[in-house]
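Keeping their order, the protein sequence lines are chains U and H. Counting from 8, one number per residue, gives the positions in the first sequence under my numbering. Counting from 22, one number per residue, gives the positions in the second sequence under my numbering.
Derived from the structure by calculation, the hints contain no laboratory data. Owing to the predicted nature of the structure, the values given are computational and were not obtained by experimental measurement. We put the CB at the ideal spot given by N, CA and C, even for glycine. There may be inaccurate statements among the hints.
As the list claims (entries may be wrong) - Derived lysine-lysine pairs resembling DSBU-like cross-links, with alpha carbons at most 30 Å apart: (1) K130/U - K33/H; (2) K130/U - K30/H; (3) K30/H - K142/H; (4) K145/H - K286/H; (5) K210/H - K111/H; (6) K286/H - K149/H; (7) K33/H - K286/H; (8) K145/H - K109/H; (9) K142/H - K129/H; (10) K33/H - K144/U; (11) K111/H - K145/H; (12) K144/U - K30/H.
Stated by the list, open to error - Ranges between beta-carbon positions, derived for each pair: (13) T422/H - S154/U: 52 to 62 Å; (14) V40/H - R218/U: 47 to 57 Å; (15) N76/U - L335/H: 49 to 59 Å; (16) Q25/U - R447/H: 47 to 57 Å; (17) Q25/U - V40/H: 44 to 54 Å; (18) Q25/U - T422/H: 54 to 64 Å; (19) N327/H - Q84/U: 53 to 63 Å; (20) S67/U - F338/H: 31 to 41 Å.
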Amino acid sequence: MKGEIAVQLNNLRFAWEQEVVLELDRFEVRQGEKLFVGGPSGSGKSSLLSLLSGVAQPTSGSVELLGKNLSSMSDSQRDVFRADHVGYIFQMFNLIPFLSVLENVTLPLRFSNRRSARVSDAKAEGLRLLRHLGMEKFIERRVIDLSVGQQQRVAAARALIGGPEIVLADEPTSALDETNSRAFVDLLFQQCEDTGATLIFVSHDSILAERFDRSYLLGGEES
Amino acid sequence: MSPYSLSVKSMKHRMGSVVITVASLALGVALLLGVERIRNEARYGFTNTISETDLIVGARSGSVSLLLTSIFHIGNVTDNVSWETYQKIKTNPQVAWTIPISLGDSHKGYTVLGTNNGYFKHYKYGQKRMLALAEGEVLADTYDAVLGAEVAESLGYSIGQQIVLAHGSGELSFVEHTENPFTVVGVLKRTGTPIDQTVHVSLEGIEAIHLDFNNGEGHVHHAGCNHASHQKEASSIDAFDALLAGEEEVDLTPSEVTAFLVGMKSRSDAVMLQRAINVHDGEALTAVLPGVALTELWQVVGVVENILFVVSILVLFVSLASMFGALMMSIKERRREIAILRSVGARPRHIVSLVLGEAMLVTLSAIVLGAVLLYAALFALRPLIQERVGMWIEITPPTSTEWTMLGIIFCSGVVIALLPAWRCYRSSLSDGLTIKL
Chain U
8 MKGEIAVQLN
18 NLRFAWEQEV
28 VLELDRFEVR
38 QGEKLFVGGP
48 SGSGKSSLLS
58 LLSGVAQPTS
68 GSVELLGKNL
78 SSMSDSQRDV
88 FRADHVGYIF
98 QMFNLIPFLS
108 VLENVTLPLR
118 FSNRRSARVS
128 DAKAEGLRLL
138 RHLGMEKFIE
148 RRVIDLSVGQ
158 QQRVAAARAL
168 IGGPEIVLAD
178 EPTSALDETN
188 SRAFVDLLFQ
198 QCEDTGATLI
208 FVSHDSILAE
218 RFDRSYLLGG
228 EES
Chain H
22 MSPYSLSVKS
32 MKHRMGSVVI
42 TVASLALGVA
52 LLLGVERIRN
62 EARYGFTNTI
72 SETDLIVGAR
82 SGSVSLLLTS
92 IFHIGNVTDN
102 VSWETYQKIK
112 TNPQVAWTIP
122 ISLGDSHKGY
132 TVLGTNNGYF
142 KHYKYGQKRM
152 LALAEGEVLA
162 DTYDAVLGAE
172 VAESLGYSIG
182 QQIVLAHGSG
192 ELSFVEHTEN
202 PFTVVGVLKR
212 TGTPIDQTVH
222 VSLEGIEAIH
232 LDFNNGEGHV
242 HHAGCNHASH
252 QKEASSIDAF
262 DALLAGEEEV
272 DLTPSEVTAF
282 LVGMKSRSDA
292 VMLQRAINVH
302 DGEALTAVLP
312 GVALTELWQV
322 VGVVENILFV
332 VSILVLFVSL
342 ASMFGALMMS
352 IKERRREIAI
362 LRSVGARPRH
372 IVSLVLGEAM
382 LVTLSAIVLG
392 AVLLYAALFA
402 LRPLIQERVG
412 MWIEITPPTS
422 TEWTMLGIIF
432 CSGVVIALLP
442 AWRCYRSSLS
452 DGLTIKL
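Just chain H, with the same shape it has in the complex (with noise of 0.2 Å):
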């Protein structure tokens, strides 16, 4: 018989208070790794909004708004990029691809984009994920349109559905487009982006309409709308009798875009084309790189998260308190105990080992507990997640950080013991071998 088993049996005989402490600090510990990993994949799913893209380029402003109008379709564009810039930074030899982006409708609410084919083919998130389509396939004909997971869904929308493009953005369209209706002909699965709550269409799609539009209500300006198709005027009125026509050759070439994104064939490319773009003589410009200007805006929104790990903290907090007082009421309990142990010969050192075990196998128990339930929850819930939120969170073992909290946990635990077990030799000297009821 150890000193380990007189331990364990000690706190076998007083399992039942035994048990409450380790599961109420369990619960501690899951919590606190649970808000560590929802943190961690919320900043991980938010700073992988988009990957693999090397710079987003679109009219000077700031880089985080940049970032917000191109990837979170937040905020309004004040200004485009011209479609003669946009094609000799597309042609330039260091450039693999781009993709136009071309923002300022709305369809109940949700945003239009207008791009091409290039944005299924080469628009990364996550660890270098491809948007896939769900069901249908990509763009093919001016007025097609591929939508979000999430547009798709809540609005109840499948392949063949009609849709109406609003100008200008928000829950109330001005203006609808509705002599041009586009069709349904794909939708993408869930990407846990703002992808899901965009209704793409092609370039070409937005030009129609706004040649439509400039034709039927003439030049009006829209807040958040800054469509170069405004621009064009009575010269595109024959341009848009000519596709009444269902003439093909109409020229639909938008005269600009709201931004666009740059993959470079050479990744260490990217930073000098930035350079390049921000100090262009021509149109003023700016190049940001998305991850720079991601990690900007979580420090932004990343508030949240600091209150998330506060409160978790304090969780474990209580439940280590909710352990000291436990200990502190085991030691009165176990004052007979202690005494009949100092009367066979336990010296002080002895009885003080036994109750810092004791908070060794508690702590210990609960961080096991504690991770095993984190992992149950993440395996069991994550499916959810995954279709609530939009957020895959992968099941990987403890990161480094996790296991530095653990042992902080631990020895929170055998510091918050020490007290208990020096009372504990402080009595077991001076109470001597007399038990005191």
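Isolated chain U (complex conformation) (with noise of 0.2 Å):
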């Protein structure tokens, strides 16, 4: 598996009220790779995220998510394969505080029959990842009444369920110490090897790149 291109951007140019955000003439990333993205505020971290995503469409150029081109998508084509293949990681505050850890981690199965079909039991499958992240004791918790590592690992739990071939992760470890930031990047990387799952992770945190088998600097140059 490992080698397939997973994600692979060509002349990419994309444009926010007639400014260009984003340029980028190639950018590949493999199956099963673990990129870090990083760059200043402004370099258009978060539209590379929209676009790599599909929510966001490129002004030219094409964005290529494994093998398919997310440009000749319908919109609602784009919304299912997304749901399909991505597993989204926020920065912070990304769980939906009325719903239980549990419900908030098999959230994505809800939306996508591609996820579901792999977990013949979404609650046992809720359970297993957050026991492999070390949650298994704040399963009955409410929401809030988490800490922001916490929650930040049942948010890595919900992106990898049902196994997307893709996770994207937004500067998910902002809100966390240094301690607690390596721990979740640990997790996330087990977690991304047990599944097979391509890593983006985007931060402005540079320590955290060399433990990632590559880097890409926006408004930079590549390492």
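Two chains, two separate frames, one set of hints: put the complex together.
Right under this line is the structure:
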């Protein structure tokens, strides 16, 4: 599996309100690769994630995920594609407060037939993921009573459930201290390796970069 | 977990504002339904002031004015029906019963109505409801009086009370028939009709006091009175003397009545008789079908009902506007929730169905709560309404009009949610997955 191209951007240009936010001639991520994307504020990190998840459309150029060109899909096809193949982790506070920890984790299965088909028992799978992330003690707890680090682990479980091929993380450690941040990245790596998911991790925290297979600096050069 | 439960859980999370929205909308619904109920009850009560009577016959006038004088006791009688004509119609083979009505006197501002006991037997109002006595008996003696419920209550009269009738109508009595006090023998149960404000005496009683009156005061014409007795002049003096002497043979047969009610043996003959009376060559008479005249009259006084209706529509409009505001606010609050749902694969249509689902749930619960509120209020207040207004509100399931109204409210709730839902759809597309705080 590893070695195939999971994500490919060609001659990509993304402009927002007449202003070019992102320009990438060539951007490739291999299946199972763990890529760190860094760059200062305004370098287009968020735009890149929006483009990769198919929520935003490039002004020109193409976005290919798992060999499928997102630009040639209809809006709803893109939505289905994203639900099926992409797990998304936010910066912080990204759990839905009125749902339980387990309900938050199993949420993506409700919107994707493909991901739910991979899981025989949603509850059991959610519990398995949470156990792997060291969260088995907090399953009964209300989401708002969790620490930020715990919330982030729940969010990771949610992104990983149903085995999406691509996991996008948008500054998931910015609210964590260094220790928690390291532990979180470790857990995330482990889970991605288990499922063979490709991880694209966007952060301005370049200290984390060295632990990834590769890092890519937006608004600068590739290292 | 269904999308429905997601919506419910989201609403539970925002319980406070949802409850306020539901409550304000429920009040609007209850008010609209309540006004509709009262409107209908008022119209129903009004148009059923008299029922089962097939014709009202009086001297020639307009149908509404005949109705006003004979049933509502409003306005002055200008002309009467002669006793002979009355007898002629009364003995018509198609006629089942008649109730004579003689007006023109009052007691402390309340109308005095001269009639006979046929009144208590045949007069019906509402859904074929008969007059019932709260206490006492019907008329037996010339100087007996049966009071309407309100007369007895507000003047504090009970059985055995002696009352003096005044000549003419209105609070300021012109001349009192002090020589001949009447005795209260009965009090009627409340009907919610003008009967409650009426003092009922026998035709003979009316005749008798006017014999006395003519004798004492001479022949004087009073506004609001057109009693035949005034025209009897000197000839009746002997009769009066005879009356004083307690000789019962005195002829107290009235020479005229103000109007009379007719019940037909067969209802379908009413129109025929009405035509016959209206084109009658002799005495100029008018016969009206009570239902038709009441509806005609209601169109005049019904303006108030329309104003009420408009007010309640405005209230509902305000409640819907507040729901709109609450929905718009909730979407602002829920941007993060929406972005997260989008990130886990929810499509714009899922988000839209969440917003619309919430609007439907809010509207539906408001409708149910509003209806419950209304029924509870009706149930709790109806003895009070009956006592104060004399209107007995029947507790019935919603009418088809009310169902239609509720349907319109529900649809408006959903339509109102379309804009927030559309905005939600737009923003969930353009905001993407980024959460802007």
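Going through the hints against the structure:
1. K130/U - K33/H: Distance of about 23 Å is within 30 Å: holds.
2. K130/U - K30/H: With a Cα-Cα distance of about 19 Å, the restraint between K130/U and K30/H holds, given a limit of 30 Å.
3. K30/H - K142/H: 64 Å, violated
4. K145/H - K286/H: Holds: K145/H and K286/H sit about 16 Å apart, inside 30 Å.
5. K210/H - K111/H: 28 Å, holds
6. K286/H - K149/H: Distance of about 16 Å is within 30 Å: holds.
7. K33/H - K286/H: 65 Å, violated
8. K145/H - K109/H: At roughly 24 Å apart (the allowed maximum being 30 Å), K109/H and K145/H satisfy the hint.
9. K142/H - K129/H: 27 Å, holds
10. K33/H - K144/U: Distance ~25 Å between K33/H and K144/U Cα, so the pair holds.
11. K111/H - K145/H: Judged against 30 Å, a Cα distance of about 18 Å means the pair holds.
12. K144/U - K30/H: Measuring from Cα to Cα gives roughly 23 Å; hence the hint holds.
13. T422/H - S154/U: 52 to 62 Å: Taking Cβ atoms as reference, T422/H and S154/U lie about 58 Å apart, which means the hint holds.
14. V40/H - R218/U: 47 to 57 Å: Holds - the Cβ-Cβ distance for V40/H and R218/U, about 49 Å, lies within 47 to 57 Å.
15. N76/U - L335/H: 49 to 59 Å: 56 Å, holds
16. Q25/U - R447/H: 47 to 57 Å: Since the Cβ atoms of Q25/U and R447/H sit about 20 Å apart, the hinted range of 47 to 57 Å is violated.
17. Q25/U - V40/H: 44 to 54 Å: 46 Å, holds
18. Q25/U - T422/H: 54 to 64 Å: 57 Å, holds
19. N327/H - Q84/U: 53 to 63 Å: Holds: the Cβ-Cβ distance is about 55 Å, inside 53 to 63 Å.
20. S67/U - F338/H: 31 to 41 Å: Since the Cβ atoms of S67/U and F338/H sit about 49 Å apart, the hinted range of 31 to 41 Å is violated.
Checked against the numbered hints given earlier, the structure breaks hints 3, 7, 16, 20 and satisfies all the rest.
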